[in-house]
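Residue numbers (this note's numbering), protein chains in the order written: chain A, 9 to 363; chain B, 9 to 363; chain C, 9 to 363; chain D, 9 to 363; chain E, 9 to 363.
Treat the hints with care, as some may be off.
Unchecked claim - As a list, the in silico DSS-like pairs of lysine-lysine whose alpha-carbon atoms are at most 25 Å apart:
1. Lys-360(B) - Lys-360(C)
2. Lys-227(C) - Lys-256(D)
3. Lys-227(E) - Lys-133(E)
Claimed, not checked - Pairwise CB distance ranges (calculated):
4. Phe-113(C) - Pro-161(B): 44 to 52 Å
5. Ala-348(A) - Pro-331(E): 18 to 26 Å
6. Glu-205(C) - Ala-257(B): 49 to 57 Å
7. His-214(E) - Pro-336(D): 43 to 51 Å
8. Ile-345(D) - Ala-348(A): 47 to 55 Å
9. Gly-116(C) - Thr-82(B): 34 to 42 Å
10. Phe-113(D) - Glu-86(C): 25 to 33 Å
11. Arg-145(D) - Lys-172(E): 38 to 46 Å
12. Ala-258(B) - Ala-129(A): 51 to 59 Å
13. Pro-340(C) - Glu-216(B): 29 to 37 Å
14. Arg-145(D) - His-131(E): 52 to 60 Å
15. Ala-352(C) - Val-351(B): 56 to 64 Å
In short, the hints are calculated from the structure, not lab data.
Where a beta carbon is used, it is the ideal one built from N, C-alpha and C, also for glycine.
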Amino acid sequence: MSQKRNNSYAKKVALPPGSLIHLGKASETGVQLSVITYDADRFERRTVTTSAEPSALVRPGSVTWLDVNGLQDTGLLEAIGGAYGIHSLTLEDILNTHQRTKADFFDGYVYFVLKMIRYDAEHKKLDVEQVSLVLLRDMVITFQERPGDVLEPLRQRIEKSKGKIRHEGADFLFYSIIDIIIDNYFLCLEDVGEEIEQLEERALQHPEPGLVPLLQGVKRELLSLRRAVWPLREEITLLLREEHPLIKAATTPYLRDLYDHTIAIMDTVESFRDTTSGLLDVYLSSLSNRMNEVMKVLTIIATIFIPLSFITGIYGMNFVNMPELQLPWAYPVILGICMAVAVAMLIYFRRKHWL
Amino acid sequence: MSQKRNNSYAKKVALPPGSLIHLGKASETGVQLSVITYDADRFERRTVTTSAEPSALVRPGSVTWLDVNGLQDTGLLEAIGGAYGIHSLTLEDILNTHQRTKADFFDGYVYFVLKMIRYDAEHKKLDVEQVSLVLLRDMVITFQERPGDVLEPLRQRIEKSKGKIRHEGADFLFYSIIDIIIDNYFLCLEDVGEEIEQLEERALQHPEPGLVPLLQGVKRELLSLRRAVWPLREEITLLLREEHPLIKAATTPYLRDLYDHTIAIMDTVESFRDTTSGLLDVYLSSLSNRMNEVMKVLTIIATIFIPLSFITGIYGMNFVNMPELQLPWAYPVILGICMAVAVAMLIYFRRKHWL
Amino acid sequence: MSQKRNNSYAKKVALPPGSLIHLGKASETGVQLSVITYDADRFERRTVTTSAEPSALVRPGSVTWLDVNGLQDTGLLEAIGGAYGIHSLTLEDILNTHQRTKADFFDGYVYFVLKMIRYDAEHKKLDVEQVSLVLLRDMVITFQERPGDVLEPLRQRIEKSKGKIRHEGADFLFYSIIDIIIDNYFLCLEDVGEEIEQLEERALQHPEPGLVPLLQGVKRELLSLRRAVWPLREEITLLLREEHPLIKAATTPYLRDLYDHTIAIMDTVESFRDTTSGLLDVYLSSLSNRMNEVMKVLTIIATIFIPLSFITGIYGMNFVNMPELQLPWAYPVILGICMAVAVAMLIYFRRKHWL
Amino acid sequence: MSQKRNNSYAKKVALPPGSLIHLGKASETGVQLSVITYDADRFERRTVTTSAEPSALVRPGSVTWLDVNGLQDTGLLEAIGGAYGIHSLTLEDILNTHQRTKADFFDGYVYFVLKMIRYDAEHKKLDVEQVSLVLLRDMVITFQERPGDVLEPLRQRIEKSKGKIRHEGADFLFYSIIDIIIDNYFLCLEDVGEEIEQLEERALQHPEPGLVPLLQGVKRELLSLRRAVWPLREEITLLLREEHPLIKAATTPYLRDLYDHTIAIMDTVESFRDTTSGLLDVYLSSLSNRMNEVMKVLTIIATIFIPLSFITGIYGMNFVNMPELQLPWAYPVILGICMAVAVAMLIYFRRKHWL
Amino acid sequence: MSQKRNNSYAKKVALPPGSLIHLGKASETGVQLSVITYDADRFERRTVTTSAEPSALVRPGSVTWLDVNGLQDTGLLEAIGGAYGIHSLTLEDILNTHQRTKADFFDGYVYFVLKMIRYDAEHKKLDVEQVSLVLLRDMVITFQERPGDVLEPLRQRIEKSKGKIRHEGADFLFYSIIDIIIDNYFLCLEDVGEEIEQLEERALQHPEPGLVPLLQGVKRELLSLRRAVWPLREEITLLLREEHPLIKAATTPYLRDLYDHTIAIMDTVESFRDTTSGLLDVYLSSLSNRMNEVMKVLTIIATIFIPLSFITGIYGMNFVNMPELQLPWAYPVILGICMAVAVAMLIYFRRKHWL
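Could you build all of it, start to finish, from the sequences and the hints given here?
Following this line, the structure appears as structure tokens:
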């Protein structure tokens, strides 16, 4: 178990609060820093080495997006924290990848942490990664656990200067990143929805035992989506209400739009949860039906033939004095009686709607 | 899957917020614009082509109702948005047919989106269509996904000048449209209620496996009704509280009436949900009862005849030294014993209330 | 279905709001108007024809109670509405017998609508009727769907001048009517409680399939009681808070008392609902137990006799070379073995607590 | 049923509000009044007859506790009510033993009603009795349904002058009475907890049908505890917030302590309810397991011997031309085949983990 | 039962509020007092005997942590309470180990009580101990039920001067103690999570009856975690809002961090509870599947061989006139028919997907 706890909370318990310990998996490719700088006219995208001085990245008048991929280099994080005035508790939150979605407001910056969820089509499961956003003056820093994200379309949109993003400030970039992450929840929900539909069909057609763990899997996926989305509602409300100087009034309708999306996702998650618990009922009642059918077949066969076997048993007895045995028409009569019993039983079963 | 996603959210993820992408099904008949203009004395109803200049439609002093059927022509929408000062996020909401019921207040207009639900008697399911309402000065614009709606009685009421509608402003028209849509929820509920009653009877009389998917279907219908109605309560409260200049005080009691209707619908939906989950219990206990009955028949038959067969088996053995076989009265005695055993069993079963 | 909808909402959908359409069943005996006028000294009770001029009924200084039985005569209702200044939406609410319990406050009057519930001992079900109360200056008007109500004791109390009612104003009469209707909920709950007790006993003693629909019936009764009572709490709070000029401060403690009763009823309804769902569990586990018992009997009989039948089968074979058959003591030995097997099985079953 | 309703609400329905009708069982021993008067120095306890003048009991500067046991003498209650200025609605509440726990504040007094619950070890059920407290200046009046209560330790504590009670006013006595009643809830919970533990053990070991009604009984006990405790939280908060002149600030921390106890009881009740519903699952799954076991035994026996019986049946046939019958080694070979089939079956069952 | 109640509430019922009675188990090793005193430069840790004068422990300018292990010596507690001005109700709360997590604010100190939970790997269950904290000026007193705790890492952190704790005041120590206790909840949750995973696997693979009590055990653990954590949220909010002079503003972000942890724990507990109830469903459906499988085997065997046995029974009858018996090819034909029947049955079962 000690092995298992390497990535867990146990490492942290003995440490003072604010200690920087990375609780997630280390990215294999090392920490990657990429910087995008843009204003209405210019766009620049480059990769910086970890040795670069972070504070040299910001260019006043432009918006700078520093994207940190990989959290294992706590020294780098401390350097970034120092350069931009990020509180040690915030740095601790960035590193603790068991963080709950939340918004935190500090004098010089806004901190927002949420889950980036993608549907991993290959393994048929959701891939959850924590993304931390720090909104500074003219700058957004994002911290991701590993390379690869859902933000690429946003980067291309900035590059190709689509929409109003090139004309807006860092708070609009901050909003856009959250927006694209939340939009991906919809895609995940669509995939989960398809899984549920397939399970429903199977539960009705072929109620095999293998369905239950699949159902549990879908439930777990919905649970993790729910845990990601549920606090979002509250936290986006906080962004709306706090009126932090770094978030301009013009961005407010967009945040409200985000809020609406969150509610819509929650709605869908809840109705999927409803459907999923209904599915177990479908499955169990299919199972009961099968059992009923099996029992009926057994009962029909046994109920017809057990009495008949008794009749043949009687005339298989070896008593000396069994006058029927001598009668020439006895055998066909007995066969006839057997047939009559069988037919009577079948009629009885049909009356009972068992056939 | 990529095929499937054509109508889905995937199209939108890469796009900047406020991009106009129609997420629903394209109406086959093209976009149809119909205009009704009326005041206390005059009533005019015409169909306009999409090439008409939208701003020419309003006639001061009269109330104008512009009804847009079909959302696929985003260019037209942008034109309408431009002509009447509708925010791009509102236009995006109009096009996104996965919208949750909501009211949004802007400086020049009020936006309200809700689901129009009809019971499709042919396919025995609910037909859900999104309707967006924009209340402007002296004008209401409605956006529907496809032609055909539940508003026809309202149009006729206006034409025949029934009720006070011809003497009231655009806000009363706005209210009347929402009112007639919500009134249709009651009709849907009645149809669903009838479905539930039929299912209940069948669950008790003929607990067939086919019932469970039907039950799931009703549940899903109730869920979609619930999702349509649940936010209505809150949003109508918003209409009441916001005191937007476009909504006159005289319309308030009507909105309160709408609120009461919403509560009544929610009440019914909830009690239907209760009944529906009760139905599964009814079905499963019917099934258990059937199983019990089947088992009893099997047990009675087997329990009577298996011991008897053993008795006949004994006297079917070929031992040389079986003195009973020679006794002349042995055969009838054995037959008598068999009968006695059977009768004893039957008495036992009757005592146990199995017969 | 169109037939069915005659009494339903379909009639209303095409009509403007405030249209007077009676949605309930028409009282067969026609509309009956009865008037009670009293003050500390006098008491008068008479029946008026529908042709009487309503406004002539009020006598200043006295309290007048106009009781309208039957709602089908919308003309009369409009006349009453006009004479006493009742808003058309209130009249519509009076006619719509699917109304949820609510209090509405207008300038000249207070409107209160609730359900009058009686236990119909003959048909063993609850009889629900909607009662609307309008509190005016020195007057209360009640609207009932049909003759026959639970208010008779109140009328006699007024006539016999019991309690303080003859010394109080119209608001106390208003309160007293609501109070006696709510007191009847307690009686209904007692009857439902008795039904539940009987069902519980039967579920334990004789778990027959017929119980489940009875249980569903009780559930439905509790649901309709719940729907009647649930909003009462809120609405009585409204009566307390609104401080409408027609409700005197001296009546407030009585309304608070009403509030307490409402809470007590809700408490009982909820605990009955709890018990009722428990009942299904009792029933289903009784059923499972029965099944278990049936299976045990089958298993014991089959498990004892099937192996014995095999033994007799062996010595029923016709092989030429079966030396045992010749041995003189073989037959009793085999019978002994059979007995020993049976006894061993019985001991085994007793050990397993099956016997 | 009319018989049954003698103790019920039916008596009350026809009566004006504030009518004094005792709804509980009449105490058999007649109404007993006992008076305790104490201050820091003196303590006096006496029994008064009902003919005594109540107002003569109070001694200024001392605390007087008048304990009324038995509620059937409504004349006496009216006398007490008149002497101490108790509102008729309060008197009605005292008599109505279906009262929900509540606090009521009047100008001259505070009314508190709650349930006194004791575990009746003999009948293994909870004994619920309603206690009403009226806090007056320098006096507390308690009304109980019948003699015998849980307050004796408190009386002895006062007499032996333990704790600070002799130095405090009537509000501390008021608090102390409520406190000791609530402390008894803990004892009841312990007893219920023990019952649950015993049931749990039995559900696992011996899943007999008799368990379900016992479980229902525990559920009902928890429900009645819950109904007693749930409103306490709110009502004690009221005592804290109302700042009634009769409750001194120094008593507030004690009331807050009471509040904490209430929360703790609610917590325990809720977790017991959780455990109890879990118990039914345990019981039902035990039952399913038993059924499974029974079915396995039947299946193993039947599956082994039915094919063997068929084999013996073949060689029991009387065909003339059955060459095997003549072979000398045929009989032992067939016996061997039978044994082999049985062994193969047993191996198959062991592979399936049925043995 | 009286025996059992020695450690229970019964002891307390007869006593005045504020009486010091220890309700938990007495620590076997006697009460141990240990004192840690530190400032930025110095660190001192010593064990004091119970005879020491408590008030001599505090050294102004330093932070003193007095740790009381064992609660049985009520005299000592009274002495401590007197020396530091702790209210008698607080002392009572310290002794009552059934206390719910709560924060209480007094003029000179802050009282906080919570549960310290460790996973006892040996007995595979949670070990719950109550810890009371009293925050005074420059001092924290902790009261534990018995020696051994989860605070050792904190003591070492202070001694080795790691983190900022040596530079902060008593309120930071107060926070740090609560923090480390809550961090241990995460560890417990990880262990419970592992238990759940193992149970899930077993429920799917080997649905044995022994699983249900294990499941109930996990449920109970989650319930006790939940009861410990649930009130924490509220109480930490109280610490944040109360602005008690002993809690400095600089400590607030740390308390907010604590709040976030509490929410995260609650989230996990709730999702574990969800999973656990899902597990019972998995188990029960596995059981049903097994039953189904058993039934199928029985049905297949019985359905094939019972008819065949009937056929052999026919030709085992001893009628004189059975012409088939004489035919030379009759025996192989009958064997062929038997085989054909068996094959037909097998095909039928395969069609039904039973094989």
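Distance restraint hint 34 to 42 Å, applied to the beta-carbon atoms of Gly-116(C) and Thr-82(B): Cβ of Gly-116(C) to Cβ of Thr-82(B): about 53 Å, so the range 34 to 42 Å is violated.
Between Glu-205(C) and Ala-257(B), is the Cβ distance one that fits in 49 to 57 Å? holds (54 Å)
Agreement of Lys-360(B) and Lys-360(C) with the hint, judged by alpha carbon distance not exceeding 25 Å: holds (22 Å)
Range first: 44 to 52 Å. Now tell me if the beta carbons of Phe-113(C) and Pro-161(B) are that far apart. At roughly 31 Å between Cβ atoms, Pro-161(B) and Phe-113(C) fall outside 44 to 52 Å, so the hint is violated.
Between the beta carbons of Ala-258(B) and Ala-129(A), is the distance compatible with 51 to 59 Å? Holds - the Cβ-Cβ distance for Ala-258(B) and Ala-129(A), about 57 Å, lies within 51 to 59 Å.
Is the Cα-Cα distance between Lys-227(E) and Lys-133(E) 25 Å or less? Measuring from Cα to Cα gives roughly 11 Å; hence the hint holds.
Mind checking the hinted window 47 to 55 Å against the Cβ distance between Ile-345(D) and Ala-348(A)? violated (36 Å)
For Phe-113(D) and Glu-86(C), compare the CB-CB distance with the range 25 to 33 Å and indicate the outcome. violated (46 Å)
Is the Cα-Cα distance between Lys-227(C) and Lys-256(D) 25 Å or less? Answer violated: Lys-227(C) to Lys-256(D) is near 48 Å, above 25 Å.
Range hint 18 to 26 Å: satisfied by the CB atoms of Ala-348(A) and Pro-331(E)? holds (22 Å)
A range of 43 to 51 Å was offered for this pair. Does it hold for the Cβ distance of His-214(E) and Pro-336(D)? Since His-214(E) and Pro-336(D) have Cβ atoms about 50 Å apart, the given range 43 to 51 Å holds.
Indicate whether the distance between the beta carbons of Arg-145(D) and His-131(E) respects the range 52 to 60 Å. This hint holds: roughly 58 Å between Cβ atoms.
Figure legend: structure checked against the earlier numbered hints; hints not met, in rising order: 2, 4, 8, 9, 10, 11, 13 and 15.
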